[in-house]
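A.B. asks: One letter stands for each residue in the lines below.
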Amino acid sequence: MASRLLGMIVKEFIHLRRDMLALVLALVVPVAMLFIFGWAINTDVKHIPTAVFEQSGSLEAQTFLEAMANSQYFDIRYRVRSHRELTQLVDEGKAKIGVVIPPDYARKLARQQAEVQVIVDASDPLVATSGINAAVSLGAQRSLQIVTETAGTAGVRNANPPLDVRVRAWYNPDLVSAIFIVPGLVGALLMQTTITAMAVSVVRERERGTLEALIVSPIRRWELLLGKIIPNLVVAYGQMTGALLVAHFVFDVPIRGSLLLLYALSAVFMMGTLGIGIFVSTASRTVPQAMQFAFLTFLPSIYLSGLLFPIEGMPQAAQYLSMVIPLTYFLRIVRGIVLKGVGFGYLWPSLVPLLIFGIVIFSLAVFKFRKQLD
Amino acid sequence: MPTSADPAFAVITDGLTRRFGKRVAVDHVSMRVRTGELYGFLGPNGAGKSTMLRMLCGLLEPSEGNGTVLGLDLRREPERIKSLIGYMSQKFSLYDELTVDENLTFYTRAYMVPRATRAARIAQMVQLADLTGRERQQAGQLSGGYRQRLALACALVHSPRLIFLDEPTAGVDPVSRRNFWGLVRRLADEGTTIIVTTHYMDEAELCDTLGFIYQGQLIAQGSPQTIKTETFRQPVVETEVGEIRRAADALGEWDAVEDVIRVGTRLRLVLADDRTSAADVEGYLKRAGYDVHWVQSVEPSVEDLFVSFVDKQRKTRLREQLRALQSDPHPNPLPGRERESGTPGGERESGILSPSGGEDKGEGE
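Those protein sequence lines, which keep their order, are chains A and B.
Just so you know, we're using this note's numbering here: the first sequence kicks off at 1 and counts up by one.
Just so you know, we're using this note's numbering here: the second sequence kicks off at 1001 and counts up by one.
All clues given are correct.
25 Å max Cα-Cα, derived PhoX-like pairs, lysine-lysine: (1) Lys-94(A) / Lys-46(A); (2) Lys-1022(B) / Lys-368(A); (3) Lys-1091(B) / Lys-371(A); (4) Lys-1022(B) / Lys-371(A).
To give an idea of the interface, some chain A residues facing chain B are shown, with a C-beta separation under 10 Å as derived from the structure: (5) Arg-4; (6) Gly-7; (7) Arg-17; (8) Gly-209; (9) Thr-210; (10) Ala-213; (11) Leu-214.
For the record, the hints were derived by calculation from the structure and aren't laboratory data.
From the three backbone atoms N, C-alpha and C, an ideal C-beta is built for every residue, glycine too.
Produce the complete structure using the sequences and hints provided.
C.D. replies: Below, the structure written as structure tokens:
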């Protein structure tokens, strides 16, 4: 048994070494993609047309609006005198963001907590997220500033921040999209290469008739699959390491959590993607077919997993879909470990669906694969 | 029926059947292959040869029937059978990016050749396949003949007692084909049981036993010589005659002639039974006013035997069609004429039933 499995593994590695195209695909493409996504795709949308309904006429409000303009995310084009006017501008699409500053802004800010209402045209989720993130982050900065300034004088103060904000992107205060996207790309790349490599390596054998020779040989089905999975995993981990190195040293992505944990949880994710790869191989007759099919499984993951576009900005139906996409959960794990530095205690809610998905898909795929060979 | 453990037979089947949906690819085949013989399945494309072979190797499960291979039950012990047999398909099953050496090494591991004897066995195989000096060449860069012999060597690394060759000479030049068959014949003479499928008639002549497969059924079996002398009681004559086309038509309409085949400038006639002789043919043609150069009896070839089996069935079907079209003043042409006019060069490609040399279409998974 050891000899048969070893034979398979050695053979697969020779394939990789000889097949330059496969090697290039496996090693260069991920890094190139990292650069393309990291640099070229900038999901930060700046200079968002903004309308402001400022009712307080205070200096504090003026300072906040100036800070908004200076952030470059907001282009304050309209100053309106009523809610109706503001709504109209947003309805018409002339303004993507409306800012409402209440009459008692300055007074509340000094005493307890002031609220700034931000109306967002969410038809463009990218703009919306950028706008929300920028506004929220500005609010946080402003709050901090006020707290620091008043710390000595006011003495006793409410525990709430003076400006009502919920900081969601606290780990990425500059809203640099590379820092958010690049760790996610590591997951996407793992997914793409494991699915494609697994599917192609099986389909190529079928195309050339060598699969038949393997089936006639004493090599068992599980040895055949494991013989392909092990080299595949080795390459995938190599890729992941390369991608993380580039992310860290080129894109300044901090790596705050445990890499060991990340590598361990990746195996769970790859169990599912290898399963998809085996599925694709059973459904394809030729290598190009397998590649296309693999790409097809890859597309919804890219768009719906929250890799490029925040899930929060998706319509409800798409949000439900994103819940059945394994990459969604794996992205939470990667970002959690890499950017937030959180441990297993925070990650298991994402791990459970991944584990279930992995076991189900993998078992079904292996079952289908075996059935097809019989 | 001998017991399954009878060592005299490498393969025994009993009513072996395989269906793909509604289509019956192999239809209740019962047969035996003696240990150490070279057994050939002969049949046109799609006849069921490959399906039969694939069932015997454990690639396909039989829909019905039983069989033993090397004394092991086909249904119950497919894994044990696999380690004892060798298999070479028409696709040659080589890894193109792997060198000759690496391909052989892979198969020695797959078949669990003990590590101690591996190197010696590979060297032996390289020599057998006449690949000395090419050990480090990638299989994809070898020419057809070398690839074919490497594929055979890969199927032999574990010294199997029984090997299956599925159209092993498809797409290989005639010289390599001859070399290959020399190798196969030698292996058989050394005691390995070999089961081969082919649609080349000259290859069939080299087999110890032939099984004719047509439309999924084993329609005849025996040594080429036995089939000729015992099974096939129809005389074959050849004639050279003027106005060859019209003469062929005239002969095709004669009840005593079952089949007319044009071979170059000659006509080859398969007669209905031995009541008709070469002299009768000569008389018939002369009475009809043809210029007969000569007529002589010849030995029936394997091709004649097989074509006659196939055409018997085709003729039956044609007669049914003719009965249905009784009122039609222009009935369909007879098979003899159809064949004659259907070969544009006038010469039937010698020995090849299907010039395409392709695989049995529609078979497999």
